[in-house]
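Protein chains: 2
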Amino acid sequence: MDTKRRHVIIIGGGFAGITAVKELKHSEAEVTIIDKANHHLFQPLLYQVATGALSPGDIAAPIRSILGESRVKVVLGEVKNIDPKRKNLQLINGRELSFDQLVLAPGAQYNYFGNEEWQEHAPGLKTISDALKVRERILQSLEEAEQIPDPKQRQIHLTYVIIGGGPTGVEMAGAIAEIARRSMRNGFKNVREEEIRIYLVEAAPEILNGFPAPLGERGKDMLEELGVKVLRGTPVVKIEKETVHLKVGSIKSSNIIWAAGIKASSLLDSLQVEQDRLGRVFVDGDLSIPGYPDIYVLGDAAHFKDKNGKPLPALASVARQQGIFLGKVLAGKKGSRGLRPHFSYVDKGTMATIGTAKAVANIRGLKFSGFTAWILWSTIHILLLIGFRNRMNVFVEWVWNYLTRKRGVQLITDRSGCRHCSSSEDLERKKKSV
Amino acid sequence: MDTKRRHVIIIGGGFAGITAVKELKHSEAEVTIIDKANHHLFQPLLYQVATGALSPGDIAAPIRSILGESRVKVVLGEVKNIDPKRKNLQLINGRELSFDQLVLAPGAQYNYFGNEEWQEHAPGLKTISDALKVRERILQSLEEAEQIPDPKQRQIHLTYVIIGGGPTGVEMAGAIAEIARRSMRNGFKNVREEEIRIYLVEAAPEILNGFPAPLGERGKDMLEELGVKVLRGTPVVKIEKETVHLKVGSIKSSNIIWAAGIKASSLLDSLQVEQDRLGRVFVDGDLSIPGYPDIYVLGDAAHFKDKNGKPLPALASVARQQGIFLGKVLAGKKGSRGLRPHFSYVDKGTMATIGTAKAVANIRGLKFSGFTAWILWSTIHILLLIGFRNRMNVFVEWVWNYLTRKRGVQLITDRSGCRHCSSSEDLERKKKSV
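Chains as they are written, first to last, in my numbering: chain A, 1212 to 1645; chain B, 1212 to 1645.
Please note that a few of the clues may not be correct.
The list treats identical chains as one, so a pair stands whether inside a single copy or across any two.
Unchecked claim - Listed below are the simulated DSSO-like cross-link pairs for lysine-lysine, each with C-alpha atoms no more than 27 Å apart in a straight line: (1) Lys1284 / Lys1400; (2) Lys1400 / Lys1247; (3) Lys1337 / Lys1296; (4) Lys1363 / Lys1449; (5) Lys1215 / Lys1247; (6) Lys1298 / Lys1578; (7) Lys1247 / Lys1344; (8) Lys1296 / Lys1236; (9) Lys1458 / Lys1291.
If you are wondering where the hints come from, they were derived from the structure by calculation, not from laboratory data.
Here chain A stands alone, though its shape is the one from the complex (with noise of 0.2 Å):
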């Protein structure tokens, strides 16, 4: 393996990707990276893409400018198959490239556990793509209340379900209330503040649950400044078109966002190796899948235990440092050949933002929430925030939604969703079958 130039082949262009390819992309192997998307795309803040507040351009960045002028290799494609046996894989359109290591750093989808015909009528959060629907859904929605002249009917599009009270959805409720009472009321003439109603629902007695106690009830109290209904200890029992049903009663909203829970991607079931149950690859100290000593599996698609026994949670941070580490290693700037390098997650905090100068934060054990964890949610996003382009632009766009209160991006640019642009025939099925 020293004497012909090694391949490294890493699978996904997300946090612990990225990280680990800028580590190696001066190494003397030779390295591709494989994605889906030809973007690294900053997923935290997505939901502000889904809000209107941020454009597309401005939390993606294009994987081959990253990598600049590096010699590193970037393939736009699916991976359909991994034989680590054999140490190849396979793409959907037939191609097939064989490694010396691997890196599996392929992400996360939604979990409806077990329920995958909820995704239709309550989609989740993960790609641009998905933001720019739900952002279209949410204006359209405003669009069609504002010609229904019956107050019933005007109800389901002025109703706003997210289920699920982690940090997305905590920042989706807070983004969504703060559009529909502030900046959007100016512009309808029908739709009056008191009809929008807003729910976050969660199955749990609180939410925020991977903070501090008290993180999880001031972010209920700011949620609820904001005029969210916050449902704790609430699970949902059943999803239909336009339709949430709780323990004990309903909620009828044409706006239903899922944000309840994460899955690693299926693509892992192709390698035949332990999973736990939210298909999870068991890893080694120093990330390796057991057994297969070449092959790591990083970030979300990963479960590390940490010094308790617990799986490392799916955050960005957890991701990034992987990433760096694996990077290191397999650059040969970390570990020695006797001696296996092991991973060690140093928890920096965690944090999340409830609404224009609204935010609950845990450094290193210290409890921050209102402006003061609002400021540093902002600055280290922005500093985060890949590529100082997307630095300069998002600081622009905050300051300026600060200022005015006004959220930027409020465009519907898909028409395929558009119910006014049907014929009056669809349009009298619908409104039969609501």
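Position chain B relative to chain A; hints supplied.
Relative to the frame of chain A, chain B by itself:
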């Protein structure tokens, strides 16, 4: 009409419609604006979205936020039919609206001169959705070429054909040349600069027909400096999938873009009044339709004769001036009951940009080209952009692009057009059909 509040309906939120409504928004009339999209689009910069220099949000602003707190009603919907005698109109969703005065500013659509089947293979550029499609196609074609070992197969993806040598075609050709040659080559390992071929095909003996003669020649020289092959006096005979047939020979390309001509919106056909061969409605000096003194047509949809008896060109500046004129007339700020006001166009000049620091401009008879024309072009376009937010963002993007020669927004967000995501059987089938 003076005793009850008259109802003015404006169809179309383009340059003509939006300027008219702005003049009218504080008048005593009840005003409604209807548009298929929820945003006003700064169409002259649409090609910059198509070539990845700007984001959709930079050149579009929601109509509701442009009109802010005024009493104007905004209806998102498509007009199906207009009855000029009964003074009412019908939306595609079945809703009916009646008016006292009607302003028709529905704009134009691409004209394939009876060969509508060409549209599928050579899309035009009218909406944000069109621009995003062209952007995806350009980026996707480079990604495809990167993965194809056979140079002849690869050439199809590295060839760009822009049909039509007007300002839009010239601007597209220049922008693609800059993407292809400057920005993209760093990121791709297999594609060589010399492989990229860009054709601008024009049937007339000169490009930039609307400009004084020397500027057309200067434009051609500047395009050729950027590596664009300018084919003048070359009519297109037929377009098929990935092939443009010329009078002599043909060009194979997976990137064919249509910019060869427009016709007025087909909505006008429902009026049953006299139209020219491009579907434009003949209007009187006050922009009303002969025989219908309360129905007006503006912008690209109107055939208004200038002093020389020729129709005014389809330019943003014509549309804007007509919108302001008619808005003032309808608001009662212009003209008296006895005398019908007469519109006259003030030609402030025309300009087209060819690339970074390259443009041509004709300002009140003064001809500019090169860097001076480009600075003029940039300044005027920034100033004309609606809304401070967009101005600032576009300025930041342009300065950044100028300094780095990078294009900012190179994202493939829609995966439906991706061949690498199709199954290997599909790809086989596609290969055979090429």
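Evaluation of the provided hints:
1. Lys1284 / Lys1400: For lysine 1284 and lysine 1400, only the inter-copy Cα distance (7 Å) is at most 27 Å; the intra-copy one is 54 Å.
2. Lys1400 / Lys1247: between (43 Å within a copy, 18 Å between copies)
3. Lys1337 / Lys1296: Result: close neither inside a copy nor across copies, 31 Å intra and 52 Å inter.
4. Lys1363 / Lys1449: Close inside one copy (22 Å), not across copies (54 Å); limit 27 Å.
5. Lys1215 / Lys1247: Classified as neither: same-chain Cα gap 29 Å, cross-chain 61 Å, threshold 27 Å.
6. Lys1298 / Lys1578: neither (47 Å within a copy, 65 Å between copies)
7. Lys1247 / Lys1344: Answer is both: 19 Å inside a copy and 18 Å across each meet the 27 Å cutoff.
8. Lys1296 / Lys1236: Answer is within; shortest intra-copy Cα gap is 26 Å, inter-copy 71 Å.
9. Lys1458 / Lys1291: Answer is neither: 39 Å inside a copy and 45 Å across each miss the 27 Å cutoff.
Checked against the numbered hints given earlier, the structure breaks hints 3, 5, 6 and 9 and satisfies all the rest.
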